[in-house]
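A.B. asks: Chains as they are written, first to last, in our numbering: chain A, 1 to 358; chain B, 1001 to 1358.
Treat the hints with caution; some may be incorrect.
Said to hold, decoys possible - Below are the DSS-like pairs computed for lysine-lysine, each with C-alpha atoms no more than 25 Å apart in a straight line: (1) A:LYS109 / A:LYS255; (2) A:LYS219 / B:LYS1151; (3) B:LYS1219 / A:LYS149; (4) B:LYS1219 / A:LYS223; (5) B:LYS1219 / A:LYS112.
Stated by the list, open to error - Some residues of chain A that are not near chain B, with every Cβ distance over 12 Å (derived): (6) ARG29; (7) LEU117; (8) ALA122; (9) GLY133; (10) SER160; (11) MET162; (12) THR165; (13) ARG179; (14) LYS223; (15) GLN304; (16) SER340.
In case anyone wonders, no lab produced these hints; they're calculated from the structure.
Just so you know, even glycine gets a beta-carbon here, dropped at the ideal spot from N, CA and C.
2 protein chains.
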Amino acid sequence: MRKDEFQSFLKCTSEATYARIYEYFNNQRHISEEHLAIISRRYFIKPGKALRPALLTLCALLCGGNEENVRSAAAAVEMFHTWTLMHDDIIDHDEKRRGIYTAHVFASKIGKMNLALGKDDATAFGEALAMLGGDMLHGFALDMLMHTKTKPGLLIDIASEMDGTLNPELLSGEQLDIRLSYTPWEKVTTGMIMEMMRLKTGALLSFCAKAGAALGNEKPIRKNSEAQRLGEFAVCCGLAFQLQDDVLGIFGDEKEFGKPIGSDIREGKRTLIMLDALHTLPPEDKGKMLRLLGNKELSQQDLQFAADSVRKCGALARCQAMANSFVKDAQEILGQFPPSRHRELLRQWSDKMVGRAK
Amino acid sequence: MRKDEFQSFLKCTSEATYARIYEYFNNQRHISEEHLAIISRRYFIKPGKALRPALLTLCALLCGGNEENVRSAAAAVEMFHTWTLMHDDIIDHDEKRRGIYTAHVFASKIGKMNLALGKDDATAFGEALAMLGGDMLHGFALDMLMHTKTKPGLLIDIASEMDGTLNPELLSGEQLDIRLSYTPWEKVTTGMIMEMMRLKTGALLSFCAKAGAALGNEKPIRKNSEAQRLGEFAVCCGLAFQLQDDVLGIFGDEKEFGKPIGSDIREGKRTLIMLDALHTLPPEDKGKMLRLLGNKELSQQDLQFAADSVRKCGALARCQAMANSFVKDAQEILGQFPPSRHRELLRQWSDKMVGRAK
């Protein structure tokens, strides 16, 4: 299979997914507040990579489904992902996402300009509006899922998995992330960060794979060995994805990555790559690094020191090697399925976890 | 029918609903963070009145359903109501609900005690945890609904109504409430407040009635004249409920009502009763009232002045008359149904909208 066949599949999936999302918004007649309508569409202004819809679609195809029938479910997981981003961005006080202002920051500007609010009121208004916007998208994700063409009983099973299993796992991951941010570095363990990555990133990808498989072979998720294996595949991919995200959080290019350079250092984000660096750096550099982590006022020089140190001590290479080994694990699981075009597309999808700059 | 038959129905519904909710939490194995688990159970510590589950159940019974089959749906609407309260309380900076600390305030105390956070960090931690807790309950509401015993196709219809219609309406109502709070009193109109009440309070009650009716007669909500009529009944009841809530916000007893006395005055909450008072008070009293509204540092004397003024100018009596007339409208709709025990229980349920002190 040629590489551009995969690129073309991704592009088509993204276009079809976003077309379905725009169609949903255009037919949605129950948002009577203009500002809420604006904010809830904020992260859909331009189509994303749609990695999650692509995963769901490929797993459905691999298990005998067809693309058109799972379109609404694919759009639903993009919608689900988006509401969690909107709430995460409030919690993390992030200013930018995909190169544009985050929902709560943009909403606070609406408060300033349209309601003439002062700084504190505008901040509170922005956070409230983005919280409600996320709440609405959470509901829309479910509503879109309900429009998937399949047996009603199966849809109920998948919805229950989404809001009874994925959701508490993902939210536990977010809460663990918050708790870790208040945990001193010397008490943070590799296991805690792995668990956080599994819940915060792996759980949603795992759901996409399982839901796709179930829609493909029309068997409930729990008694569905294909769904379970593809779920494992997706968890491995999720761990690789998060490790690469953490690399980009230190070494990424702002224009490509869409977030300010060095934001993970400024936030003091508990990542595996940084924990590894702290375990490996000579005492003096470690001390300096600990003083930089979580300091909002870092110079370009400080960020350069942090990046250089992580590279020099070998943590960057080890993190990338670990990410690659998770992709390899994932691809071994994939090897249990008979060869096919869709299996090959899924293999290339898993390669995207590490070979990306955004 | 004796009055205590209705009381006993309400009590049984509350017990059965909360038993189902506790059972759900006990079987829910995917919350791995202790603090998140604590916060998400916060508002279920003691059983509530379960007015919404009672409405859903009675509408199901009136349309030919049975109580046991709709139990999960009844618990789901209580769960749905609760997540919206958790997020509202963050937005409104409310300290107390039902006589105990609100979720975000209690969560900030966890941050202080268990993570030794300072004041600002604890506040941010509390708000983040309560936001995630609410997000989790939103998902649980859906998951519980999915456990209702009925035709799968009907369940999909009801879930779609919940997250595709009710949810954006309710959130638009909350956003309108926020926007009104930043709108000067002289620009606030009766129509704006009525619309806010219809969306913020009426929409959920209307959903409870329609979902109950649909589960009872097993017809999809949109093509279901019983569901539509009971939905109208519930909207009228919702308006009466909110008007009574606004009365209690000024005249309520703190111990009974569960919120600090005069909180609506301190917040400057845009209520119909206060708008009426401002339209009626003599200029001097109106000026004084406008200075009190939204002032957090009010004395007992100030609150007494506000309450006395609202009573003396006739706004209290007019607000109560309006609430009563909405209950009357609701009961006229009910009169279109043939007489039965369940119709009588629903009538008594609608009487509860105005005859309550909490």
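A.B. asks: Against this structure, judge whether each hint is valid.
C.D. replies: Here is what the structure says about each hint:
1. A:LYS109 / A:LYS255: holds (22 Å)
2. A:LYS219 / B:LYS1151: holds (18 Å)
3. B:LYS1219 / A:LYS149: holds (20 Å)
4. B:LYS1219 / A:LYS223: Violated, because 31 Å separates the two Cα atoms, which is more than 25 Å.
5. B:LYS1219 / A:LYS112: Violated. B:LYS1219 to A:LYS112 sits at ~47 Å, over the 25 Å cutoff.
6. ARG29: violated (9 Å)
7. LEU117: violated (6 Å)
8. ALA122: Its Cβ does come within 12 Å of chain B, the nearest being 10 Å, so this is violated.
9. GLY133: Given that some Cβ of chain B is not farther than 12 Å from that of A:GLY133, nearest at about 8 Å, it is violated.
10. SER160: violated (5 Å)
11. MET162: violated (8 Å)
12. THR165: The claim is violated: A:THR165 sits with its nearest Cβ about 5 Å from chain B, within 12 Å.
13. ARG179: Violated, because the least Cβ-Cβ distance between A:ARG179 and chain B comes to about 7 Å, which does not exceed 12 Å.
14. LYS223: holds (17 Å)
15. GLN304: Correct as stated: the minimum Cβ-Cβ distance to chain B is 29 Å, above 12 Å.
16. SER340: holds (31 Å)
Taken one by one, the earlier hints fail for this structure at numbers 4, 5, 6, 7, 8, 9, 10, 11, 12, 13, listed in ascending order.
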